[in-house]
Amino acid sequence: MNETVREALRRIGLATFVSAVLGFFALPLLWLAFAPFDANPGITASLPEFTLHNFKVLMDNPYALASLRNSVLLAAGTAALVVACAALAAYALSRVRIPGRDVLLYLLLLLSSIITGTAAMVPVFLLAFNLHLIDSRAGVVLVLTGGLLPAAIFLLKDFTDGTPVSYEEAARVFGASPLQILRHVVAPVIRPGLATVAVWTVAQVWGDFLMPFLLLRNPDKAPASVIMYTFYTEGGQPDLALISTFSLLYSLPVVVMYLFVSRRYGFRFHGGIKR
Amino acid sequence: MSAITLRALTKVYPGGVRALDALDLDVADGEFFALLGPSGCGKTTLLRTVAGLETATGGTIRLGDADVTRLPPGRRDVGMVFQDYALFPHMTVLDNIAYPLRIKKEGRARRHGAAAEAAEYLSLAGLEQRRPGELSGGQQQRVALARALVAHPRIFLLDEPLSNLDARLRLEARTFLKRLQRELGVTTVFVTHDQAEALALADRIAVMEAGRIRQLGTPVEVFRRPANLFVASFIGSTPMNLLPGRVCGGSVAVAGAVLPVPAEERGSVEDGESVVCGVRPEYLDFSDVPADGAFGGRVSVVEHLGASSLVTLDVGDDRVSVVVGEDREPRPGDEGWAVPRPGRVLLYRDGELITGAAEAAEAGEATEAGEAAAGRPVEPVAGDGGAE
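Chains as they are written, first to last, in the UniProt record's numbering: chain A, 1 to 275; chain B, 1 to 388.
In short, the hints are calculated from the structure, not lab data. Please read all numbers here as calculations on a predicted model, not as lab measurements. One should not assume that every hint holds.
Quick look at which bits of chain B chain A covers, simulated, 3 or more residues with Cβ under 8 angstroms [to be verified]:
| no. | stretch |
| --- | --- |
| 1 | 74–82 |
| 2 | 96–105 |
| 3 | 325–333 |
We put the CB at the ideal spot given by N, CA and C, even for glycine.
Sequences and hints are given; from them, build the entire structure.
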């Protein structure tokens, strides 16, 4: 008798806990799904009074769509640069024996979070200023690439380490040059890794606020993450209609990208276990 | 197609491991040559150094007339099949086979034509559009062979070509490989740790140990007259009987038996000398009645090998194995005698085969002069005999 009561209490407790945790995650998503279609969006999730008026207002905003395009430019540029550099570096690092290679890699990984973080805000700004990279998208791309590269190399090195050396040796015997080997053999073999790194980079850049906010002066060049910060009404209140609608548009591309890449490359947790 | 000439080839790995130790070797044009030895003996290093995947620390490698010691692998004009085949998993069979031609910048039509031809030749027709992952082990091996062949290399290197196949397929692939090599007539060197494979496939075998060649010869020579105890114990699917003995008069006292010293070696041994007497289980005849010069003892183990059985006799403190034909197997516990066939008993002193002048001359004819330096102990007289 006592046992069953305790068991029932245990189950109720667990269910309550799980519901509470789920609620924490579900409520913002519900808000994101409903608020853009609500005539009077608030900060609570509620069934909307259906309207598409918010989207019309958003289209009329001079910066909204342009900022999404800017985000795409920054993300694509950074992703291309990160994937290319990380592939070269990871291949080299996994094939060449350098003393202290792993220490170097861990150190870079540790320091990389500082580059794109608040701690290095001032030096990064000064560096960009002296290099005349203020208010330039290339500058943002370069800084972000620098910050993301170590982690990308770390991720990719696991893939290059897992590629049998005999593939490359076979190509070498037939006369392929190192770059040909990378292009013809290594890159295709580690393609799931390259896709993982590309998606991860895009997601990182898409969500990054600090660096573009710091380095881009002209609102015409600002990406979506920065523009959202400007959506206030004349009275200084957050414009919830605009923010919610824009948030939906802002999150959709990343979700779509995940779905696409996952379908295309069969996303799994690569790295820990060799297939 | 060309001969391979290695002179004083040395490979020392960083850390001081001497994988190849001043090795001399000649492989004739069109020969099917085996590098045989236990793991870590340097055979794979030798193959990889010839391919150019390892750089020699010293010595020279010549393919035909060209010194290729310092050339990168791609410019040596060799075809190689790797142990794991190393087929590119993202390419179709046809693209895999055509890859060497792609590097040589042949047009798509030409290289696909040549690849299709090679695939046809290796009975891979119909599989051209598959990926390596969709092929059986034997088919993968043939794709790897086709890829190595398609550019018509001067020499052909195979690293453990049969080790990744299951036992049944291995025999089939062995026959296939031998026929292929004969038809193409291309100089082929392959590495194996399986002595049966080397004996079956090769025209000549180099048995290696610790970066040196311990014996070089035809399969028959290596099997019948191992030049030293290392080769004697390595070659043969049933291990050779190696028994300590002592020379006494014109005969050797060994494991309770008295065997005559072979006539041609009589001059080379002294009275009272310690020798090791080697005789293969296949060269012993089992008898259930006592015989002269036979090892007598009690049967302890009978192992069935199919058409024959391996019978182990306890002879004093020694064990003597003898191969017995079917339906003649004794039972464990029976008394038995093992009679060596004439001329099949070998004597070893300090680990090396004792050869009389006549024997050495015969051996010298079949092999080349260069190999005396490569580890085969041949007495000066024998060297003269070989040069004639």
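Here's how the hints hold up against the structure:
1. 74–82: holds (count 6)
2. 96–105: Contact hint for the stretch 96–105 of chain B vs chain A: holds, 5 residues under 8 angstroms.
3. 325–333: It is violated: at least three residues are needed, and the stretch 325–333 of chain B offers just 0 whose Cβ sits closer than 8 angstroms to chain A.
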